[in-house]
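Protein chains: 2
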Amino acid sequence: MRRTNFFIPTLRDTPKDAQIESHRLMLRAGMIQQASAGIYSWLPLGFRSLKKIEQIVREEQNAAGAQELLMPTLQAADLWKESGRYEDYGKELLRITDRHDRDMLYGPTNEEQITEIFRSHVKSYKALPMNLYHIQWKFRDEVRPRFGVMRGREFLMKDAYSFDLNYRDAVHSYNKMFLAYLKTYERMGLKAIPMMADSGPIGGDMSHEFVILAETGESAVFYQRDWFEDKNLSALEEAANLQNLVDGYLSKYAATDEKHDPLKCPIDEKDLISTRGIEVGHIFYFGTKYSEALGAKITGPDGDEAPVHMGSYGVGVSRLVGAIIEASHDEKGIVWPEAVSPFRVGLVNIKSDDKKCVEVCEDVYSSFNETKLDILYDDRDERAGAKLNDMDLIGLPWQVIVGPRGIKSGRVELKNRRSGTTEDLPIETLKQRFLTT
Amino acid sequence: MRRTNFFIPTLRDTPKDAQIESHRLMLRAGMIQQASAGIYSWLPLGFRSLKKIEQIVREEQNAAGAQELLMPTLQAADLWKESGRYEDYGKELLRITDRHDRDMLYGPTNEEQITEIFRSHVKSYKALPMNLYHIQWKFRDEVRPRFGVMRGREFLMKDAYSFDLNYRDAVHSYNKMFLAYLKTYERMGLKAIPMMADSGPIGGDMSHEFVILAETGESAVFYQRDWFEDKNLSALEEAANLQNLVDGYLSKYAATDEKHDPLKCPIDEKDLISTRGIEVGHIFYFGTKYSEALGAKITGPDGDEAPVHMGSYGVGVSRLVGAIIEASHDEKGIVWPEAVSPFRVGLVNIKSDDKKCVEVCEDVYSSFNETKLDILYDDRDERAGAKLNDMDLIGLPWQVIVGPRGIKSGRVELKNRRSGTTEDLPIETLKQRFLTT
Chain A
1 MRRTNFFIPT
11 LRDTPKDAQI
21 ESHRLMLRAG
31 MIQQASAGIY
41 SWLPLGFRSL
51 KKIEQIVREE
61 QNAAGAQELL
71 MPTLQAADLW
81 KESGRYEDYG
91 KELLRITDRH
101 DRDMLYGPTN
111 EEQITEIFRS
121 HVKSYKALPM
131 NLYHIQWKFR
141 DEVRPRFGVM
151 RGREFLMKDA
161 YSFDLNYRDA
171 VHSYNKMFLA
181 YLKTYERMGL
191 KAIPMMADSG
201 PIGGDMSHEF
211 VILAETGESA
221 VFYQRDWFED
231 KNLSALEEAA
241 NLQNLVDGYL
251 SKYAATDEKH
261 DPLKCPIDEK
271 DLISTRGIEV
281 GHIFYFGTKY
291 SEALGAKITG
301 PDGDEAPVHM
311 GSYGVGVSRL
321 VGAIIEASHD
331 EKGIVWPEAV
341 SPFRVGLVNI
351 KSDDKKCVEV
361 CEDVYSSFNE
371 TKLDILYDDR
381 DERAGAKLND
391 MDLIGLPWQV
401 IVGPRGIKSG
411 RVELKNRRSG
421 TTEDLPIETL
431 KQRFLTT
Chain B
1001 MRRTNFFIPT
1011 LRDTPKDAQI
1021 ESHRLMLRAG
1031 MIQQASAGIY
1041 SWLPLGFRSL
1051 KKIEQIVREE
1061 QNAAGAQELL
1071 MPTLQAADLW
1081 KESGRYEDYG
1091 KELLRITDRH
1101 DRDMLYGPTN
1111 EEQITEIFRS
1121 HVKSYKALPM
1131 NLYHIQWKFR
1141 DEVRPRFGVM
1151 RGREFLMKDA
1161 YSFDLNYRDA
1171 VHSYNKMFLA
1181 YLKTYERMGL
1191 KAIPMMADSG
1201 PIGGDMSHEF
1211 VILAETGESA
1221 VFYQRDWFED
1231 KNLSALEEAA
1241 NLQNLVDGYL
1251 SKYAATDEKH
1261 DPLKCPIDEK
1271 DLISTRGIEV
1281 GHIFYFGTKY
1291 SEALGAKITG
1301 PDGDEAPVHM
1311 GSYGVGVSRL
1321 VGAIIEASHD
1331 EKGIVWPEAV
1341 SPFRVGLVNI
1351 KSDDKKCVEV
1361 CEDVYSSFNE
1371 TKLDILYDDR
1381 DERAGAKLND
1391 MDLIGLPWQV
1401 IVGPRGIKSG
1411 RVELKNRRSG
1421 TTEDLPIETL
1431 KQRFLTT
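Protein chains in written order, with the working numbering: chain A, 1 to 437; chain B, 1001 to 1437.
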């Protein structure tokens, strides 16, 4: 993509009302624009990262055997009255009345709706296990939205729902999601700790939050000092026994504020780290809470009818964009992990009125485009300093810098955004490096 | 995908409350489920077609130089009060009050919001032309929602917005979208006629609806008998002069009911066809209507400030799923055009307890999967008749039918859903046919 054809309204000044770094950086890098309190438009640069994150989530859900569908944003209030949550949910539930005075709501989550789909069609255990998910916009009418997309009102979430015959099978489904979540975050370059968590308005007996550590995180978290030792995600691939693997991850202490009780904590205070974290996922097993309320029953192999066992599994897709930046930035700007960067490579012509420089840039740009390699070419007629600062701000993992001195000997500079290290490379070597991987 | 792992709740009985064939077929094929009046969940099969249609729309928008972003579903009412549409829009606008008693609305369209994004950042003609689009759920509170996803309340729409310095440039942007739309529909296997149309609540001087012909279409349309002659879309690729091409498409008469005046119609009655059609897209040039109201001004080359010229361009993505089925079905079920079919090939084992048949199916299935060819394998333990009827109902373009008689001589049956013709093919020939194209 040429920068002159790509709308990235970067800001020079730091926005005053943004309290945390990810929010400031997303505004400064022209990724988002506030539409109203806690509601954002995703400008083209931000949209690309959002889509890459969504796609990783989707691929790992599919790989774990979940099936994608799509439920609407607005729901009839009736089902929520059936489950009892219409009254319970409080003011975060955005209640709406349509032109015929029917009560509706903007879904903050979809347990009722998916249970209604399930109960309409599935009657026998033979269709189980089943896991249905969607990636859809949700709304929670936060009293004080803040931290940009990290605690917005309208947000994109992946929510999956598992259906099983009994507790044992339901735990197996839970474990599959548990491990799929670990893989999902790892692909995004994040270290997420699954922590014992409170189940809140979803309800249920078993619940884990996936938390990434960040000093600016919204909540206090606690974990065992050596938690990150001996964690080998590649072992997941050969998982013979899911339960063993999950147990391995849960063998060391980690809990959110709500679940952590200093008096009952099983580990010594000197081994406990108390810090802050950002929740990037939350999974629940809640058994028959919704299936009983809504009458979603299945016939088992013995011919008896019983409510189906359910769990639900959320990933905050739009929140992850902020969370990743919160975990990965420096004083110059964002430092994208490669898998979720809006573009993989940025190309900067530091002398845009030099004919040879333009030629080299065009050549590199078209080679990269031919192989569909994500590249953003800053072809603007701007000062070199402004372009380089912008590139650091938007934080693409690799920068190819083309200047008159280098190209005299057929070389360009390749800069790694994270380490800051640069290499002088012959143009052909540069192409080979990227185009063969 | 194995049918036993893929949730397709087909119905035997024809749903009573569905008035048109596409709605009946979508329900019977397990593509959608009604959530409440005019609001649908997209079950896995329907979701796949929806996503394929969305992707074609996206690719053609990108190819025409439009940039994708994403605006939220809920908007603050303020901007709509600025433009004057908050009062004008009537009861189809779903008005919402949040917990702080702020007036909001579920966007039925986004002219105000995109103008606000534009005016915040763009001040100079140098950034033009610019075309920004998004694919997002919209809501129109129809008084009597009907025809399934064709006239629902919550619907997925692509809407693009062009920004230009003056009328001449704006017409060029309009023409680019005009031609992109023709390509978009052609890729979906549809013949869409651009018709002179009324601009309704969007406003503006120039407007075309893209209409596909169907007897069950919601509105009356009129077009010249020989309209489809000499239309050569491949010529679009070499478009030297956009205006000439567009003029070619508009040289023969075609108009919607609102625009057609029998007394002023320029062509003879005997050359006029009067039929019904389904609107699948609508484009508008409305000049400075919104930029004036919202103060979106740009400085031209002469240094003078003036409101920017705008157009907007909508494609009904979710409605297209219904429209395509309305235009392409028979008495047995849906007949998908290949590009938008949920899967390209269906594989049916007509004797699921026959070990050899299972082996052949597994072999074909894994070969197709390896090359990422979309295939749905009906591996259920069901009667052959039920499976074949289901395949016809869901309407995948190709069916591979495996039975004991054929495989004795190493052959399977390949059926074309549209023509109904079948061929007996050696298994290797089948693979080559699909895997090399």
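If you're looking for bench data, these hints aren't it; they were derived computationally from the structure.
Please read these numbers as outputs of a predicted model, since none were measured by experiment.
Check the hints yourself; a few may be wrong.
[What the hints assert, rightly or not] Simulated DEER-style distance windows between Cβ atoms:
hint: 1; chain 1: B; residue 1: D1013; chain 2: A; residue 2: K264; range: 37 to 45 Å
hint: 2; chain 1: A; residue 1: A384; chain 2: B; residue 2: R1002; range: 38 to 46 Å
hint: 3; chain 1: A; residue 1: R99; chain 2: B; residue 2: D1013; range: 25 to 33 Å
hint: 4; chain 1: A; residue 1: K356; chain 2: B; residue 2: E1092; range: 57 to 65 Å
hint: 5; chain 1: A; residue 1: T97; chain 2: B; residue 2: E1258; range: 51 to 59 Å
hint: 6; chain 1: B; residue 1: R1276; chain 2: A; residue 2: T4; range: 41 to 49 Å
hint: 7; chain 1: B; residue 1: D1101; chain 2: A; residue 2: E218; range: 41 to 49 Å
hint: 8; chain 1: B; residue 1: P1337; chain 2: A; residue 2: R102; range: 55 to 63 Å
Virtual Cβ for every residue (Gly too), placed ideally from N, Cα, C.
Results for each hint:
1. B/D1013 - A/K264: 37 to 45 Å: Between B/D1013 and A/K264, where Cβ atoms are some 57 Å apart, the hint is violated.
2. A/A384 - B/R1002: 38 to 46 Å: violated (56 Å)
3. A/R99 - B/D1013: 25 to 33 Å: holds (32 Å)
4. A/K356 - B/E1092: 57 to 65 Å: holds (59 Å)
5. A/T97 - B/E1258: 51 to 59 Å: violated (31 Å)
6. B/R1276 - A/T4: 41 to 49 Å: holds (45 Å)
7. B/D1101 - A/E218: 41 to 49 Å: violated (26 Å)
8. B/P1337 - A/R102: 55 to 63 Å: violated (37 Å)
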